[in-house]
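Novice: Read off the chains here:
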Amino acid sequence: MKQRLVVIGAGMASGRMLEHIFEAGGDFDVTLFNAEPRGNYNRLMLSPVLSGEKSYDEIVTHDADWYTSHGVDCRFGESVVKIDRENRVVYSAQGGVRYDALVIATGSAPFIIPVPGKDLPGVCTYRDLEDTNAMIAASRPGAKAVVIGGGLLGLEAAAGMAARGADVTVIHLMGHLMERQLDPAAGYLLQKDLEARGIRVHCKGATKAILGNTRVEAVLLEDGTVYPADLVCMAVGIRPEVRLANDAHLDVGRGITVNDQLRTSDPAIFALGECVEHDQQLFGLVAPLYDQAKVLAATLLGQEAAFKPVQTATKLKVTGVDLFSAGDFAEGPGREDIVFRDPGRGVYKRLILEGDQLIGAVMYGDTADGSWFFDLIKQKKDVSDLRDTLIFGPAFAEGASANPLAAVAALPPEAEICGCNGVCKGRIVQAIEGGATTLDLVRAQTKASASCGTCTGLVEQVMALTLGDGFTAIANPPMCKCTDHTHEDVRRLIKSMGLKSIPAVMQELGWKTVGGCASCRPALNYYLISDWPTEYVDDRQSRFVNERNHANIQKDGTYSVVPRMWGGVTSPAELRAIADAAEKYSVPMVKVTGGQRIDLLGVRKEDLPAIWSDLNAAGMVSGHAYAKGLRTVKTCVGSEFCRFGTQDSTGLGIRLEKLLWGSWTPAKVKLAVSGCPRNCAEATCKDIGVVCVDSGYEISVAGAAGMDVKETEFLYKATTEDEVMEVIAAFVQLYRENARYLHRIYKWVAKVGLDWCRAQVEDPVNRHALHDRFMQSQSVYQADPWAEHATTPADWAPVADLTLRAAE
Amino acid sequence: MNGFIDIAALDDIPRQGARVVKTPQGCIAIFRTADDQVFAIDDRCPHKAGPLSEGIVHGTSVTCPLHAMVFDLATGLSVGADEGAVRRYAVRVEAGRVLLDAEFLLRRSAA
Numbered sequence: 001m002k003q004r005l006v007v008i009g010a011g012m013a014s015g016r017m018l019e020h021i022f023e024a025g026g027d028f029d030v031t032l033f034n035a036e037p038r039g040n041y042n043r044l045m046l047s048p049v050l051s052g053e054k055s056y057d058e059i060v061t062h063d064a065d066w067y068t069s070h071g072v073d074c075r076f077g078e079s080v081v082k083i084d085r086e087n088r089v090v091y092s093a094q095g096g097v098r099y100d101a102l103v104i105a106t107g108s109a110p111f112i113i114p115v116p117g118k119d120l121p122g123v124c125t126y127r128d129l130e131d132t133n134a135m136i137a138a139s140r141p142g143a144k145a146v147v148i149g150g151g152l153l154g155l156e157a158a159a160g161m162a163a164r165g166a167d168v169t170v171i172h173l174m175g176h177l178m179e180r181q182l183d184p185a186a187g188y189l190l191q192k193d194l195e196a197r198g199i200r201v202h203c204k205g206a207t208k209a210i211l212g213n214t215r216v217e218a219v220l221l222e223d224g225t226v227y228p229a230d231l232v233c234m235a236v237g238i239r240p241e242v243r244l245a246n247d248a249h250l251d252v253g254r255g256i257t258v259n260d261q262l263r264t265s266d267p268a269i270f271a272l273g274e275c276v277e278h279d280q281q282l283f284g285l286v287a288p289l290y291d292q293a294k295v296l297a298a299t300l301l302g303q304e305a306a307f308k309p310v311q312t313a314t315k316l317k318v319t320g321v322d323l324f325s326a327g328d329f330a331e332g333p334g335r336e337d338i339v340f341r342d343p344g345r346g347v348y349k350r351l352i353l354e355g356d357q358l359i360g361a362v363m364y365g366d367t368a369d370g371s372w373f374f375d376l377i378k379q380k381k382d383v384s385d386l387r388d389t390l391i392f393g394p395a396f397a398e399g400a401s402a403n404p405l406a407a408v409a410a411l412p413p414e415a416e417i418c419g420c421n422g423v424c425k426g427r428i429v430q431a432i433e434g435g436a437t438t439l440d441l442v443r444a445q446t447k448a449s450a451s452c453g454t455c456t457g458l459v460e461q462v463m464a465l466t467l468g469d470g471f472t473a474i475a476n477p478p479m480c481k482c483t484d485h486t487h488e489d490v491r492r493l494i495k496s497m498g499l500k501s502i503p504a505v506m507q508e509l510g511w512k513t514v515g516g517c518a519s520c521r522p523a524l525n526y527y528l529i530s531d532w533p534t535e536y537v538d539d540r541q542s543r544f545v546n547e548r549n550h551a552n553i554q555k556d557g558t559y560s561v562v563p564r565m566w567g568g569v570t571s572p573a574e575l576r577a578i579a580d581a582a583e584k585y586s587v588p589m590v591k592v593t594g595g596q597r598i599d600l601l602g603v604r605k606e607d608l609p610a611i612w613s614d615l616n617a618a619g620m621v622s623g624h625a626y627a628k629g630l631r632t633v634k635t636c637v638g639s640e641f642c643r644f645g646t647q648d649s650t651g652l653g654i655r656l657e658k659l660l661w662g663s664w665t666p667a668k669v670k671l672a673v674s675g676c677p678r679n680c681a682e683a684t685c686k687d688i689g690v691v692c693v694d695s696g697y698e699i700s701v702a703g704a705a706g707m708d709v710k711e712t713e714f715l716y717k718a719t720t721e722d723e724v725m726e727v728i729a730a731f732v733q734l735y736r737e738n739a740r741y742l743h744r745i746y747k748w749v750a751k752v753g754l755d756w757c758r759a760q761v762e763d764p765v766n767r768h769a770l771h772d773r774f775m776q777s778q779s780v781y782q783a784d785p786w787a788e789h790a791t792t793p794a795d796w797a798p799v800a801d802l803t804l805r806a807a808e
Numbered sequence: 001m002n003g004f005i006d007i008a009a010l011d012d013i014p015r016q017g018a019r020v021v022k023t024p025q026g027c028i029a030i031f032r033t034a035d036d037q038v039f040a041i042d043d044r045c046p047h048k049a050g051p052l053s054e055g056i057v058h059g060t061s062v063t064c065p066l067h068a069m070v071f072d073l074a075t076g077l078s079v080g081a082d083e084g085a086v087r088r089y090a091v092r093v094e095a096g097r098v099l100l101d102a103e104f105l106l107r108r109s110a111a
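In the order they appear, the protein sequences are chains V and A. Counting in my numbering, the first sequence runs from 1 upward without gaps. Counting in my numbering, the second sequence runs from 1 upward without gaps.
Because the hints were derived from the structure by calculation, they are not lab data. Be aware that a few hints might be false.
Heads up, incomplete: computed chain V residues facing chain A, CB under 8 Å, no partners named [unchecked claim]:
#  : residue
1  : Pro184
2  : Ala330
3  : Glu331
4  : Gly332
5  : Val514
6  : Gly515
7  : Ala518
8  : Arg521
9  : Val545
10 : Ile553
11 : Lys555
12 : Gly557
13 : Val799
14 : Ala800
15 : Leu802
No residue lacks a Cβ here, since even glycine has one placed at the ideal position from N, Cα and C.
This is chain A alone, in the form it adopts within the complex (with noise of 0.2 Å):
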């Protein structure tokens, strides 16, 4: 297995939300904005750990639903006063396809 895998048709996302996939290393959320333009994170909050894909999802940004958080999907990194940031994960959409890069899993059951 490398590269891009196939996850899911665009239109299991919710435009301006967010589904998740399971992984041996935890949730990642799969984005979609209000333009279909698709992002993934991981599901997880630096500050207690909050699952992001329940956020409130406006422009390219997701509010964290437990403490308000703001993170930018392109980037990973919080917006505002709060420091922190989340790992990001390739994504793109192919003919109506979602696909992951799963190069993260292999590098973590090879090591």
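Isolated chain V, as found in the complex (with noise of 0.2 Å):
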């Protein structure tokens, strides 16, 4: 008698196996039930038919002739209710059907996150051709549709349906897209390519509610964001369809367990594809899932075989989006990275090495060598005499060159080097050969590396090539080992080229690590929201530690903590707080500093948040002496009450540090207003002094008085106050904008020349932007970091206390 066969889901990975088995000639009675009305068809190919690529005829795989011509019992739209193990019975509403061997295919079911209006008419999600069609219909040119989740699945529905003419936004509450298949760098391109489309995307966006009263009409974002919607796609995962399993108490982990012969907990129960959990893995890229279906038709047939999931490579199905990754690319002990950038071309390839192995790629823009990479990954080949040259692939791998100057040498003279001004190799080194062996001559005479100088590298390469040993290298070293740009290179590019991320400028500016370093990193947070301060947001874990807490860090881990004195005038009351909450948190020290205010030293970081909070409760804010930004505004008694006072010196400090407190500057920057000539609060060694005479106000700037001792240099003579406070706000914006990180003011002055700063301060018109800039920022920045941590005190305190636990 035949052996009875009976398969739960006509799926990709059922339909793949059945047809193994009637390959071999395996002789079964199949019945096979399928909820869905219909056979099987390629899953894959739902992303063409949603942008119109192809039809749903074009992507059935099995037919209702071939199910026939097998003998298939089909059970199309029946869905399965119960199954009863002792007397093998697979039950559905029509009644049961005996069974020697069961398999169970029913896959995943798409997660939906769980927010108010999930039920509206009009969610969907991403799964089958029901959505499918149901996201045909909504995209109609001009109507308003929100993606939620920005992974493979997620995007090919915004891509699809964009290419219909809707009107798209993804929301993906991860940094980057695609965040398991791509590092921030390939996102980032992908983000870019998206956008180009008309695409809108949302990262770090947490869906809130989807809004509507009879059906679908925004989403509401944790961050406040709406978005008008008139179809909402939910595609934020799968989880495995395991209910029935569940029921018939097999085991289950996350997905149905199986072994290597795919059989479940039941000898008689088998299982595979997106249900199944095996060796704790779960499986939702096809590759895999057909390997199931083979060693299960193998197993059935009572022939050996097991099954080993193998390595899978990503492709992204949207049409002119190239990407692909492969192995594992996530940084980690004893691994390398090779990391290749062409900004010109939008093109990132990373490859990781363990060892003498590649053991993952990540490509973007081209792809072309993906497949080669894909081989070296699975075959575990020795790479180490390709290394070199391995990620130009294939065409010079062969070489076997060692040399890194080889790949520029192989190039051919027509060649692009320079893809701004369009300069092949052939046109440099001709140049060269006439006589321009610097780089300056180089740019003069063919253009190359003159605009967005990202080939700058590929430039001194070919003049090494072609001088030889004439050939050194510019001084004005580059910001750090991360990359060959000047810190005044980096700042000209994220303003010409419109840089607005972290990643950003790593991608586009050819950057030669991942994720940069603690000297890079500070440096381009400071350039990015200096240059974009109502779009970028401030990444506060490429901050030091001072500015990341808000507060000094000292010797011994504690920390200091010093409340802003406007102008270094206080009051009883502001003395009896700090006095208190010196007392409360037992503070080691209480010291007056330099700049006129007090020092509480020795506060623990768990702490912070409620010494802050007290202080606030007395009106105090932060007094920044922690950060690069503005610290102080020291002043004397002034006009007030000195007998010598020409002008109210006190009142000046306190009206320029209100003006300038909050700032973020280049490095620290302390002021000082002495009410006469004498000088009493020092002015004229601060990094901006005003010095009150009768006929006005002297403003003069690039003092020092730390490792350098320097007195300031005359700036400006104003006649008021408001005119002190308008030409210092435009030279503090002034140096904001155009100084390399950590260079105090009196070092940038020396560089770009007091005549030029005068000049950019003098004229009004540019005064007054400069001016307008500086408040535009201020009107951002200029909020108190202690009031906003203070609200989080957890965050501040060891995230685990294992000290009781050990004395149990």
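Take each chain as given, in its own frame, and dock them per the hints.
Specialist: This is the structure:
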């Protein structure tokens, strides 16, 4: 008698398994249940159906005839409700079917995020033909669609609807798109490409609710953003469909647990596809599912077979987007990266090596060599001989040359070196041979590397090849070991190329490391804050500890707390609050600083939010004693009390401090205002000093009283306090926009020249513009960080305390 | 008590940042990288005892906040010219929770 085989689920995995069984001549009575009212089609091809590049008929893999010809009893549209293991019977609403072997291939269900409005009409997932048809129907030109989830599936849904003319927004919880397949750099390029197609991308967006009365009208995010929507597609992930297996009391982890033969905890029941868990792993891509189908067919036919998951590669099926990811691309012990970026063409390639082997690859923009790399990964081939030219792909690997210049040497004369100005290698060689022996001369004569500058390294390599030992690279050192660009170049390029995030800078300027270093990250964070105050979001993790924690770290890991005392003026109430705080938190030292305020030294990190909140309650805010920003405005008593005072230096100092506090600058900024030329506030050794005289205010800048001691130089004579305020705000903004990170004002002025600075602030139009840009930045950044962070004290304490556990 | 114990949710630790676990043998810093790898090392730089948990995290390295010594989180070894090493602890992430191997607590208290 024939074996009775019952299969639950007519998906791609079970379809492939049946094919293998019939091809091998297996003799079974097959009953196939499927909840969807149709047979097997290629779900991978739903995206081309959505975008209109294919029709449903083209993606059907097994039609009714195929099932009939193999004698399969098809129960389409009939859901299985119960498995009776003891009697080996499967029940649907229509009755029972006996089995000798049962295959569960129920696949997976889309994950629905539990937000209000999730059940409104107009909310769909992206799983089957019904979903696809719903999206096609909703994607008329001008319709608004929101896709929640920026993974593989979500982006294909977004691109498909956009191709049909819908106005699409993608909301993604993580910091970059497809974070499981791509690193931040490749994710950034993908976002750029999608945005160029008119798809709006909102990363770090958490959905709070789906709004609407009778149907979907909009999506509300936690940050308050609202996106109008006629259709919402949830594509945030899948979970194995295990309800039947659970009800039948089979072993179920995250998926139905199977062994290497795809057998469940019941010897007569097997499972395959997205519903299974094998060796603690779930499966979502098609390659391992097809492997499972092959193994299960063999097992059912009584042959020896074992399922071993292999590496899989991912490509996004969006026409025109070239993306490839394979293997393991996480950073880790003993792993090395080889990174290649060609910003001009939007190309990013990253290879991950462990020992002598290639173990992962992420590519964007040019994936032609993807399969070659994937082969190297799968074969676990020793690539140490190829290492130097590996990233250039098979074309160079065969050359077996270990010289890193070889790749450049091998380029033909017509190869383009400078994309901006269309300069080829031959033209550069010609210029060098004609006497252009420095980079500046090459730039002047050929325009190569004279625009965006990202090809400077290549141009230098061409020079090194052509000049041999006669070549020496330029003297201005690069920012850090992560890049060949100088600080000045990076600042210029951030502005000219409109780069607005750290990954964008690293990608477009060809950073050589993956996440930068402790030297370049704070610098980039500052440059972006300074250049795009209303658009860039401060990256707290790219800040040095003092700015991240809004307190100065001390040698023993405690912190100092310095409240602001405007112009060095305090009151009995403030002093009382400071004294109370010092006692309450057992502050080991209370010290008067050189900047006319009081420092509480030795505060424990976990006490910071509480002490800040106490000081806030007494009306005090952070003194930014830790910041590359405005520190203090020191004052003397001035005309209010002093018999020599010519102006109200104390009042002006307070006004200046209230104008400037909270602003981030390349290095710290200290001011002082003296009420007369006796200069009791020592204004002439500050970054910016004001000395009051009978006829007005003398503003001088670029003093120093630290490692270097230097007297200020005269900048501007103002006649009113308001003029002082405008000139100083403009000068600080000039410094913010132009100086290199960590350069104090005196170092910057020495480089650009005081005359240039004076010309900038003397010109009224320019001065107003600088002042306005400063005030715009202040509108964002003039906020007390203490008040903000005091609300989350748990973030400042240890995340766990095991001292009690140990005592148990 | 033995083996791995639940310390915190992965999301309690900022990406490219760290949080501290207090133990009778001093603090342990739990790091999370930009790509969600988690590492645990002593929160104490061998140079001048700086709290490594407050350093800038780049790739799988951290730079000590006091004097900029750099450590590889995976090996615990210093990177570059300075010599030094910090103790590592086994740590893993399961279902969004961070689990720390607390074996070291046992060994010390049994001794």
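Novice: Work down the list of hints and note, for each, if the structure agrees.
Specialist: Status of the hints after comparison with the structure:
| no. | hint | result |
| --- | --- | --- |
| 1 | Pro184 | 6 Å, holds |
| 2 | Ala330 | 5 Å, holds |
| 3 | Glu331 | 5 Å, holds |
| 4 | Gly332 | 6 Å, holds |
| 5 | Val514 | 5 Å, holds |
| 6 | Gly515 | 5 Å, holds |
| 7 | Ala518 | 4 Å, holds |
| 8 | Arg521 | 6 Å, holds |
| 9 | Val545 | 4 Å, holds |
| 10 | Ile553 | 6 Å, holds |
| 11 | Lys555 | 7 Å, holds |
| 12 | Gly557 | 4 Å, holds |
| 13 | Val799 | 4 Å, holds |
| 14 | Ala800 | 5 Å, holds |
| 15 | Leu802 | 4 Å, holds |
Checked against the numbered hints above, the structure violates none of them.
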